[in-house]
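Trainee: From first to last, the protein sequence lines stand for chains A and B. Going by our numbering, the first sequence runs without a break in its numbering and finishes at 1268. Going by our numbering, the second sequence runs without a break in its numbering and finishes at 1268.
Don't read these hints as lab results, they were simulated from the structure. A hint or two may mislead.
One copy or two, either will do: identical chains are not told apart, so a pair holds if it fits within one copy or between any two.
Capping the alpha-carbon separation at 30 Å, the derived lysine-lysine pairs in DSSO-like fashion look like this [what the hints assert, rightly or not]:
no.	residue 1	residue 2
1	939	831
2	1264	1195
3	899	939
4	831	899
5	1107	1231
6	831	942
There are 2 protein chains.
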Amino acid sequence: MSESMGNLRRNMMCGNLRDVNAGQEVILMGWVQRERNLGSLLFVDLRDTTGISQIVFDSTEDEALFKKAVTLRSEYVIAVRGKVRIRSSINKEIPTGDVEVLAEELKILDEAQTPPIYIKDDDNASETMRLKYRYLDLRKPHMQENLKLRAKTAKITRDFFYDNDFIEVETPFLTKPTPEGARDYLVPSRVSPGEFYALPQSPQLMKQLLMVSGMDKYYQIVKCFRDEDLRANRQPEFTQIDIEMSFVDVDDVISINEQFIYKLFKELKNVEIDLPIRRMTYKEAMERYGVDKPDLRFGFELVDISDLVINCGFKVFSDTVQNKGVVKGINVKGYGDKFTRKDITSLEEYAKTYGAKGLVWIKLTKGGITSPIAKFFGDEELKNILDRFNAEKGDLILIVADKLSVACDSLGNLRNEVARRLNLLSNDDFKLVWIIEFPLFEYDEEEKRYVAKHHPFTHPMDEDIDLLETEPQNVRAKAYDIVINGDEMGGGSIRINNSKLQSRMFKALGFTEEEAQEKFGFLLEAFKYGAPPHGGIAYGFDRLIMLFTNSSNIKDVIAFPKTQSATCLMTDAPTNVSEKQLEEVHVKVDIK
Amino acid sequence: MSESMGNLRRNMMCGNLRDVNAGQEVILMGWVQRERNLGSLLFVDLRDTTGISQIVFDSTEDEALFKKAVTLRSEYVIAVRGKVRIRSSINKEIPTGDVEVLAEELKILDEAQTPPIYIKDDDNASETMRLKYRYLDLRKPHMQENLKLRAKTAKITRDFFYDNDFIEVETPFLTKPTPEGARDYLVPSRVSPGEFYALPQSPQLMKQLLMVSGMDKYYQIVKCFRDEDLRANRQPEFTQIDIEMSFVDVDDVISINEQFIYKLFKELKNVEIDLPIRRMTYKEAMERYGVDKPDLRFGFELVDISDLVINCGFKVFSDTVQNKGVVKGINVKGYGDKFTRKDITSLEEYAKTYGAKGLVWIKLTKGGITSPIAKFFGDEELKNILDRFNAEKGDLILIVADKLSVACDSLGNLRNEVARRLNLLSNDDFKLVWIIEFPLFEYDEEEKRYVAKHHPFTHPMDEDIDLLETEPQNVRAKAYDIVINGDEMGGGSIRINNSKLQSRMFKALGFTEEEAQEKFGFLLEAFKYGAPPHGGIAYGFDRLIMLFTNSSNIKDVIAFPKTQSATCLMTDAPTNVSEKQLEEVHVKVDIK
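Pulled out of the complex, with its shape left as it was, chain A reads as follows:
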C-alpha cells in the first residue's frame, strides 16, 4: 500500500544530519538501505542522494507505528517525521553517525521488489546487469558522486568561459553529412525524399562559421556522434567542450586554456598545477616516448642505438638499420628484478600487438648481464650500448628493431604497460604537457597521397608555409594537444583564414578545385567575405570526468551509456519500427 506525502515536506537531507540538530524535528525522505529488527527497536538506514541517516522505530513509544515499520524492506521509498537525538553508540564511519531520528510518523511512498543488484559501491554485478538496471546502478553512492562531479565540471567550464566573454552558441544536430572523416549517423528526411541529415561528428565547421560571423569567442558543451566500432572507453555519442576564438595565434589559445585547466584542477582536485604547462614538440615526444601522448609520470624514455648496431653481428639489428629501420629501446631502470622470463615473454606478446616482430631484452643483475643476444656483441660494443641506456645493475633493457613507426608505437605503448604492471601510475600525480608542432600531413598508404593529420583547415606554421609544395612531409601545423598522464584530453589548431593559402593546402592534399568545392563549398564561400584569423580547441568531456573521478570505464561517468555494440540494455534501443514509419521517411530495410 503506497501513500502520498500528504502534508509532509522534506526539511532535511539524510546526509546532512549532525549533532547540532539534536532535539529538532525533521522530515526525511528516501530509500530504505537496510533495516534491523531488534525486537522492540527497529533500525532503518535511510538513504538519499546526500547520504544515510539512522531512523529508530521504538515499539514502546508507538506500537502501531512500529508495526507499520516492520513491513519495510530494502529500497522502499518512505517519508519519516521524527526527533533527532544523539545515538547511544556513535558510528564514526559515517558523517551522520553521531545522531539518529526517533520516528513519530511514517509514510510508505512506494514499495519495492527485491532489486536484482545490490545498491552499494562494492556490488559485483556484471556490466550487463548494471546497464539493464541502470536506474538501480545509479543509486550507488559512487555513481551519484560521478554524475555530480560531471555536473560540477560543466559548471566550472561554463563559468570560466562565460566570465572570459565567450558566447555559448548551440550548433545544429541535423547537419550535412561530412565528406571526410569518421562514419556519420544518418537521419532520413521525410520532407526531402531520398535525402539524409547526419548527426555532427563535431561542430568544427559551424564554429568556424561563427568566427566568420564575428561572434569572436565561442564555446559549447555539446554531444558529438561517430558511428565507429567501439573500442573500450568509446561511446557512439560523446560530449565535447568546444571552443573557438578570433584574432588569435597559438599562444593566445594555449594561454586562456591553461587558465581553464588550472581552474579545473584547483576546484575539482584542489591541486595547483604549474603554469605555463610544459610544451613538447611532436618530434621530441615521438623520439623520447614513441607516442604523441606521453605519460610523463615515469621515465623509461626511448633510446636510439641504431648507430651503434648498424654493423653489429646480430643480423636482426644490423639489417634493420641498413634497411632504413631503427633499433630503439627502453631501460626499465631499477625494476629488472620485477620481471621474470615469463613476464618478459608476456611483454613481448604485448609489443607484438603493436606490430613489433620481437622484443630483445638485456638484464643487468648481480650475476652480470643476461640476454639472448649478448653473444652477438663484443665487450666494447655491448658497453657502448649499455652506456647509451645509462644501464646499471638492477636494470632491464627492452629493445625493438623495426621501421621507425613500429618501433615507436610498440615501445611507446610497452613503456606505458611496464609502468602499469609496476604500479607506478598514481592517480594523485598529474603530469601535463602540450604537444605542439604536429606534422600538417600524414601519408595515406591506401590512398597514396598526403592527407591532413588534423583537418584540411589547419594552419601551417608560418615558417613552413613555403615547404607546402616542395616538402609537405616537413610542414608543421599550428596544432596542439593537451596530454595529461598519457591521455589526450583535448586538441586543436589555428585555422587557415585566407583563401589563397587554403587553395595551396587543397592542392597539397591532391584535391582539384572542383573536388574542394564539392566537399567544402559552403565554408569556402563563407571565407570569401572576410574571415578573421581564428583557432580553437576541443576537449573530450567524458575523458576529463574519467580523469577527475579516477574512473577507468567511460560508462561510469555517463548516466545512460551504450554497450560496445551501441545498444541500450535498459530501453532495448535500437529497435524495429513499423513499415509506416519507414515509408514516411522514404526508406526500407535492406539487409544483405
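Following the hints, put chain B in place on chain A, whose structure we already have.
Mentor: Just chain B now, kept in the frame of chain A:
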C-alpha cells in the same frame, strides 16, 4: 593580399573606446563597416562584436599607410594600431562617438568580396538570402545581441538550478522510438541491421528514470526533435530547459520555478514580477478567455449568453443552445469605432479559420444600436444581452454560436487578433499566469477513446482519483503551464509513482496490460523497485528567448535555423548520400 597579425595583439574592443582612452595606443581588430575617403583623410568604421570605432588614416602623417588604407573595402578584416584622440566633431549616436583612432599601422588580415546582403539591422534581404548567407546575417548587431542574450539566459538558468542543488545530467540522443506522440526522427543502426534509434522528442522518460535513480533534482538545457510539419515559429530541433524533482507536489515545483522566472525577468529585463504568480484553473481560463493560454494584457473576456437566448427569435442562437451548443461573445470595449463593416467581415473570416460558422456583431454608437440581428430581439431581450456584456456606447460585441469547443477556440483567438489589430500588445508589459487543474484526459474522436492530455504518467489530482473509472472526463491532473502574454512558455506535472495507480490509469486509457507493457515496459519495470513522488516542468527555451528579445520569428534567436521544409539553406542539408553509406546502415531509399 592577406597578412598575418604578426606581433599585433588586440588590446581593445571596438565598442569599448571612450574619451578616457584618449592618448593611449590601442590595437583593434575587426571588419570594415564602411570607409569614406575625404582626399587626404580616410575614415574607416571598424566593427567587432562589441560595436564600432572610427579609424582615421591621415595621408599627411603617413602616405604609404594611407595608400594601403584606400584599398580597404566593406567587410575586409583588418588589424589597426594607432593612438586614440578626441574627435573634432563628436558623434552622439554611438557610445564610442567621442573618440577616434589615428592609425599608425594596418594589417589586412583578409580581403572580402562585396557581401550579398548588407551588414546592418535594417537590411531588407529576403529570408532565403539571410539563411543562405547566415554567417553574414549573424554579423548584424541585433543578431549578435540575440545570441548573446540567449547565452546569458542559459547562464542564468544554469546558475539558478545549480545553486539550488539541481544536478545537470546529460540524457542520450540515440534513444528508443516513442510509442505515442509526435513523429520521431529515425537513425538506422549499422551494428543491429534493420533496427533504428530515434532522436528524443524530450527526455521525459529519462528524467523520470533519474528520479527513480535517486538523483533527487535534475535539470538540463537540451535539444529535442520532432519531425512534424513546421508551423511558423517551430523548428525540427528545438531547445528545452528540462527539470525534474523528487519528493514534491504541485506547490513545490511551482514555488522553485517562480523564483527562477523571477530571476530571469530581473536579470534580463530588470523587471520585478509579482510573486506568487497568479494561478487560474483550466476551467476558468477556458470560460473567460476561450483558450488555455490566455493573454492577460487586455480584457475582452468571453461572456456566455446561452441562457438569455435559448428561446429567442433568432434561430441560429436558440437552435445552437437547444442542441447543447453555446452562444458566447466578447465586448471589444471602447474600440467600436475602430472597426468598419469591412474590418468586421475580416474578423469574421478570421473566426472562421477556427471553425466558427459565422460572427454576429452588435455595435453601440451615438446613433444607437446597429446589428444585423437586432430585429430578432425584443427590447427587454436585447437589454439583458447588452447588460450581460456590460455594453456601453462605443463598444463592439462579437458573438459566436457553436458547440462549446468551437465557440471557445474561435472567440479566444479572435480576442487575441482584435488586440493585435488595436496595437494593445506592449512588449514591456508582462502578464504571467499559471494554468492549473488541466483535464487528465481528452476524448480522441478518431480513436474513440480517452487519451492522456499530457502523458500517461501524469498524476490525477488526489481528490479526483476515485473518478478515474466512473467519470474520466472530470478527472483533473496535477499539471501546470506557465503562460506569459498568451504564450505557453513551459509546462509540467506531477507524475504517478505507484504501480497500482498507474495500472488504473492505463485501464482508463483503454490499454490492456500487455499493451502497456509493450509500450512502456522499461519504465514500469523501473517503478517496481521504489519510485519517489516526483514531478517537473519543461520550458521552451527558444520561446523564452523570443520573449526576452522581442523577436516574432524563432529564426532570429537560433544561430543556424532550418526552413519550414526543414532544410538548411547554408549547407544544403539534407543531401544525398552514397550507396555505400546506405548499405552500411542496411537501408535503401524507397520513394513511393
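Trainee: Under a CA distance limit of 30 Å, which applies to residue 1107 and residue 1231: within one copy, between copies, both, or neither?
Mentor: within (24 Å within a copy, 46 Å between copies)
Trainee: Please sort residue 899 with residue 939 into within, between, both or neither, judging by C-alpha distance up to 30 Å.
Mentor: both (23 Å within a copy, 28 Å between copies)
Trainee: As a check of your reading, is residue 831 near residue 942 (CA-CA no more than 30 Å) within one copy, between copies, both or neither?
Mentor: both (14 Å within a copy, 22 Å between copies)
Trainee: Could you place residue 1264 and residue 1195 in one of the four classes (within, between, both, neither) given a Cα distance threshold of 30 Å?
Mentor: both (28 Å within a copy, 23 Å between copies)
Trainee: If the cutoff is 30 Å on CA atoms, where do residue 831 and residue 899 land: within, between, both or neither? Let me know, please.
Mentor: So residue 831 and residue 899 pass the 30 Å test inside a copy (16 Å) and across (18 Å) alike.
Trainee: Within, between, both or neither: how does the pair residue 939, residue 831 come out at a Cα-Cα threshold of 30 Å?
Mentor: Both. Shortest intra-copy (12 Å) and inter-copy (18 Å) distances satisfy the 30 Å Cα cut-off.
Violated hints for the displayed structure: none, as all numbered hints are satisfied.
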